[in-house]
Amino acid sequence: MAADGARTFDLVLYGASGFVGRLLAGYLAGSAPDGLRIALAGRSRSRLEEVRAGLPAGGRDWALVVADSTDAESLRALAESTRVLVTTVGPYARYGLPVVEACATAGTHYADLTGEVLFVRDAIDRYGAVAAETGARIVHACGYDSIPSDLSTFLLAERARADGAGGLRDVQLVATARGGFSGGTIDSMRAQVEALQADPALRRVVGDPFALSPERSAEPDTRQPRDAGLPARAPDGRWTAPFVMAPFNSRIVRRSNALQAWAYGRGMAYGEVMGTGRGPLGAVAATGITAGLGAVLGAMSLAPTRALLDRVLPAPGTGPGEAAREKGWFRMVVDATAEDGRRYRATAAGPGDPGYAATAVMLGESALALAVDGDRLPAVAGSLTPATALGEVLVERLRAAGHTYEVAEV
1 MAADGARTFD LVLYGASGFV GRLLAGYLAG SAPDGLRIAL AGRSRSRLEE
51 VRAGLPAGGR DWALVVADST DAESLRALAE STRVLVTTVG PYARYGLPVV
101 EACATAGTHY ADLTGEVLFV RDAIDRYGAV AAETGARIVH ACGYDSIPSD
151 LSTFLLAERA RADGAGGLRD VQLVATARGG FSGGTIDSMR AQVEALQADP
201 ALRRVVGDPF ALSPERSAEP DTRQPRDAGL PARAPDGRWT APFVMAPFNS
251 RIVRRSNALQ AWAYGRGMAY GEVMGTGRGP LGAVAATGIT AGLGAVLGAM
301 SLAPTRALLD RVLPAPGTGP GEAAREKGWF RMVVDATAED GRRYRATAAG
351 PGDPGYAATA VMLGESALAL AVDGDRLPAV AGSLTPATAL GEVLVERLRA
401 AGHTYEVAEV
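My numbering numbers the first residue of the sequence shown as 1 and each following residue consecutively.
For the record, the hints were derived by calculation from the structure and aren't laboratory data.
Glycine included, each C-beta is placed from N, C-alpha and C at the ideal position.
Heads up, a few of these hints could be off.
To be verified - Here are the in silico distance ranges between beta carbons for each label pair:
1) R223 to D340: 18 to 28 Å
2) P33 to V380: 19 to 29 Å
3) L230 to L196: 21 to 31 Å
4) A307 to G164: 55 to 65 Å
Take the sequences, apply the hints, and build the full model.
Below, the structure is given as structure tokens:
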């Protein structure tokens with residue numbers, strides 16, 4: 001990376017005029033330390049001016065930069081102007097690769113909130129080696145997808161190792177939350193469905209539990225839980241259903257394990273489900289969620305029904321109002337058995353709609369960690385995950401921001 005003095009900015013938010021971009025800009029305006037050189041970037045200067053005018057006082061003098069993901073020269077100049085670039089412009093498979101390329105080439109640290117397996121795989125294959133050579137940290141999945149999953153497993157493995165319990169063997173995350181789907185998440189799902197229809201061979205990539213492995217042939221043959229199983233009842237009476245982000249989060253966690261030479265355990269089996277409650281109501285909810293998820297994915301696969309869904313599902317760039325966002329919350333409980341049989345439980349939780357308010361905190365703190373805490377971060381570069389790039393530093397930041405990350409022996 002070029003010396004700090006050669007960069008105009010410390011941090012640039014690209015996509016600041018989008019729905020999540022505006023939330024992130026507001027969070028950074030209230031949380032960034034004094035003196036940090038921040039700029040807002042996007043395609044329309046007038047829209048950027050509108051965003052800046054609505055920010056708290058700390059952000060009203062930020063610079064504005066016009067850049068477009070279809071204009072390689074503008075992205076090159078943008079990446080070369082800053083030490084860190086955080087982007088909310090998705091679907092990432094459609095708009096993200098040129099941004100990754102520009103940052104990897106310029107040696108600029110990068111963070112996004114993607115939940116797209118195919119995009120991350122492409123970014124790894126095309127630009128991971130370039131980023132490793134230039135010293136850029138390319139950090140994907142810095143939102144609700146997949147920070148709670150990634151950091152919880154990181155903390156569980158650290159605790160088990162500190163206790164002398166060995167690696168992790170069986171790990172299951174149960175997600176509960178109050179919040180809605182974001183328009184961006186739905187657009188990403190739609191884009192992936194379209195990509196699979198255009199190239200059916202990509203189904204093998206999406207279906208591979210080690211799809212994001214740095215070296216697929218080196219992965220152990222440990223059987224992994226299914227991403228979308230049937231409704232199930234746990235021994236304690238809780239009902240569970242498939243978790244829509246399990247097919248992505250699980251790949252990020254397994255990549256974190258492999259990037260650290262399988263420090264979590266070569267035999268680790270990792271899975272995620274959604275908790276729906278106890279008793280008959282929990283069973284009904286689990287059945288309904290399972291059926292509904294299957295119906296939505298099926299409808300997205302057919303052009304006529306996809307058009308109908310587009311009329312009722314949230315559109316890209318839209319989201320709930322402030323009151324609804326504040327009422328949201330997320331809680332993830334992760335149970336793990338270590339190699340010596342000891343059992344541990346991690347809890348990750350926080351206030352705010354997980355896809356909006358909570359994600360703004362996670363992505364904002366990830367970007368600030370890259371911009372402010374460079375000397376404390378792991379000495380790694382290339383295509384990374386939140387756990388491998390930011391680790392304990394991000395855990396500390398999120399705790400200070402009001403999120404919970406706890407580990408205890410059961």
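Here is how each hint holds up against the structure:
no.	hint	verdict
1	R223 to D340: 18 to 28 Å	21 Å, holds
2	P33 to V380: 19 to 29 Å	24 Å, holds
3	L230 to L196: 21 to 31 Å	23 Å, holds
4	A307 to G164: 55 to 65 Å	58 Å, holds
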